[in-house]
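Produce the entire structure from the sequences given, and follow the hints as far as they go.
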Amino acid sequence: MGELMSEAVALAGASKRYGATWAVRDLDLSVESGWIYGFLGPNGAGKSTTIRMLLGLMQPTSGAVRIWGEQVGRDGILGDGVVGALVEGPAFYEYFSGYRNLAMLAGLSGRVRPDELEWALRKVKLWGRHSDKVGTYSHGMRQRLAIAQALVPKPRLLVLDEPAQGLDPQGLAEVRDLLVELADEGMTVFLSSHLLHEVEQICSHVGVIVDGSLITSGRVCDLLASDGAYEVRVSDIGGAETVLREMRLVRELRRTGEDTVAVWLHEDKPEALNAGLVQAGIGVQGLREKRAELEEVYLQMAGAGAGEDSQGGEGP
Amino acid sequence: MKLWLLLRGELSKLFGQKGTYVGYGVLAVLVGFVVWFMWRHGPPFARSMTRSDDFIVAGKLVSWVSVARYIMEPALLVLVPLLVATVSGGLFAGEMVRGTMRTLLCRPVRRVSVATAKYLAGWIHAISLTAFLGLFGLCLGLAVLGRGELVTMRGGLTVLSEQVALLRLTEAYLMAALAMCAMASLATLFSQLVENPLTAMALAVGFLLVSATVGALPYFDWLKPYLLSTQMDDYTGLFHAQVAFGDLSWPLGCMAVYAVVPFVVGIIIFRYRDITC
Chain D
6 MGELMSEAVA LAGASKRYGA TWAVRDLDLS VESGWIYGFL GPNGAGKSTT
56 IRMLLGLMQP TSGAVRIWGE QVGRDGILGD GVVGALVEGP AFYEYFSGYR
106 NLAMLAGLSG RVRPDELEWA LRKVKLWGRH SDKVGTYSHG MRQRLAIAQA
156 LVPKPRLLVL DEPAQGLDPQ GLAEVRDLLV ELADEGMTVF LSSHLLHEVE
206 QICSHVGVIV DGSLITSGRV CDLLASDGAY EVRVSDIGGA ETVLREMRLV
256 RELRRTGEDT VAVWLHEDKP EALNAGLVQA GIGVQGLREK RAELEEVYLQ
306 MAGAGAGEDS QGGEGP
Chain Y
17 MKLWLLLRGE LSKLFGQKGT YVGYGVLAVL VGFVVWFMWR HGPPFARSMT
67 RSDDFIVAGK LVSWVSVARY IMEPALLVLV PLLVATVSGG LFAGEMVRGT
117 MRTLLCRPVR RVSVATAKYL AGWIHAISLT AFLGLFGLCL GLAVLGRGEL
167 VTMRGGLTVL SEQVALLRLT EAYLMAALAM CAMASLATLF SQLVENPLTA
217 MALAVGFLLV SATVGALPYF DWLKPYLLST QMDDYTGLFH AQVAFGDLSW
267 PLGCMAVYAV VPFVVGIIIF RYRDITC
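Line order of the protein sequences matches chains D and Y. 6 is the number of the first residue of the first sequence in the numbering used here; add one for each residue after it. 17 is the number of the first residue of the second sequence in the numbering used here; add one for each residue after it.
Because the hints were derived from the structure by calculation, they are not lab data.
With a cut-off of at most 25 angstroms between alpha-carbon atoms, the simulated SDA-like pairs for lysine to any residue come out as follows:
1) D:K138 x D:V117
2) Y:K18 x D:G86
3) Y:K34 x D:D137
4) D:K138 x Y:G32
5) Y:K18 x D:R105
6) D:K159 x Y:L21
7) D:K130 x Y:G115
8) D:K159 x Y:T116
9) D:K138 x Y:Q33
Just so we're clear, the structure is a prediction, and the values are computed from it rather than from any experiment.
The structure is reproduced here in structure tokens:
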């Protein structure tokens with residue numbers, strides 16, 4: 006049955022309450038197979054609680070959590086090789102080597118071949134240091150090992166809580182490439198992160214949770230879609246603003262930098278905008294469609310969500 | 017299958033830590049001290065046991081079995097329980113503090129199996145410490161003092177032949193191992209209820225000391241048969257000339273209850289607990 010399911014993750018009205026405080030409230034969330042889903046939200050919004058409910062570490066106060074159509078209970082998370090997870094930072098047995106930690110944990114998910122362990126360690130660039138005790142690893146190396154342990158045996162769903170934490174720029178790029186590669190191979194990835202630029206680059210879909218409630222969820226490209234604005238870089242910003250205000254085509258304009266101005270048009274005719282400026286003797290050095298950045302959208306949504314609803318979101 | 021893997025993992029975690037061996041080292045030092053004392057003060061020691069020079073006792077009274085017998089009280093009443101509690105107190109709390117519990121539970125394993133493996137590991141450690149005490153005592157005693165009989169003063173002067181003494185020692189150490197398993201169960205249960213391994217250890221040892229104190233108060237005589245501390249040294253009855261094995265069923269049952277009840281309660285708690293670490 007699980008093989009036929011296209012919905013990898015489904016939370017239906019999932020809520021978690023600690024005493025009088027709701028950490029997560031009536032959360033409906035759906036992640037389809039093959040997506041890289043970025044789960045965003047400010048600290049204390051309920052991201053970790055949601056991930057813990059997803060992995061069976063916490064039981065929802067009400068509602069249902071399903072993975073590949075199967076209800077997630079307290080007693081372990083489904084079958085072997087279904088879910089690989091990294092929750093809230095790396096945690097290992099310091100007195101064992103990286104390889105032994107990996108072998109011990111992976112062994113609990115069924116029979117794992119040594120070449121699978123080697124594959125995972127090579128993927129996170131730890132092969133070569135795999136025999137060293139974890140106690141000698143840097144935070145970044147532990148984070149890599151934590152990602153490796155989530156990868157063996159190769160799961161159908163990968164749940165990563167802040168996978169980029171503690172990684173250097175090179176490590177970030179490697180993890181980004183790895184996640185894209187895994188998604189290309191058909192793996193579904195559910196990740197929470199504070200690095201919005203990374204999320205924007207690798208996620209196909211995102212959801213934003215604020216105060217325990219999901220305030221938006223959808224395709225990244227839809228969230229970042231242009232609202233008809235163009236950004237123009239000119240030689241004379243003052244002159245350009247005067248010209249643009251007189252143009253009928255221009256609906257609204259806003260200065261965005263020392264030599265740039267954002268322009269909203271009544272009709273989608275950027276060529277006319279360019280011609281108008283050039284004819285007025287203003288040098289146009291650049292003209293591009295202005296796309297919103299995830300950070301901008303996120304801050305807007307998170308701010309609005311926090312203002313609308315402040316009933317929960319604080320974890321234990 | 018998973019339970020076996022989990023148990024193997026627990027044992028390798030337990031015996032992969034250098035700290036675990038501190039207990040064995042402490043016991044080795046204690047045994048060494050007792051053997052040195054018996055070797056140095058052997059004859060006066062035997063006389064102190066018979067309390068007189070009027071007895072003529074044939075055989076060697078200070079021997080390897082004497083070491084294994086007389087190390088029991090000083091080691092098994094406080095020291096071994098403390099060492100057991102130190103290790104068992106970290107079985108859950110240690111993993112919670114390190115965060116490895118969530119890593120473990122993200123694997124497709126049943127929580128009942130995880131908890132069972134931890135309790136089993138605690139028991140195995142408790143049994144191994146008790147066995148080490150007896151075996152190391154015998155080995156070092158044999159090397160330094162040689163073979164001989166066992167003299168005890170419980171219920172009158174009793175001289176047990178070497179063969180009988182070894183049998184009684186085996187039975188006594190098995191009883192002591194059960195008591196240590198009870199101690200391990202208590203410490204493991206406390207380890208589930210608190211977040212600090214040291215607190216769990218302190219609670220378990222505190223429980224034993226309070227139990228011993230309450231048992232010493234006349235007002236609580238009615239409670240005495242049910243206290244763990246009361247039953248822990250009932251193995252001494254095995255060194256009488258005639259052993260009333262029927263009398264041992266109550267302490268054995270009592271200690272088994274102390275070992276099993278925390279285990280069952282612990283399983284239930286762990287089964288329904290949210291993992292927040």
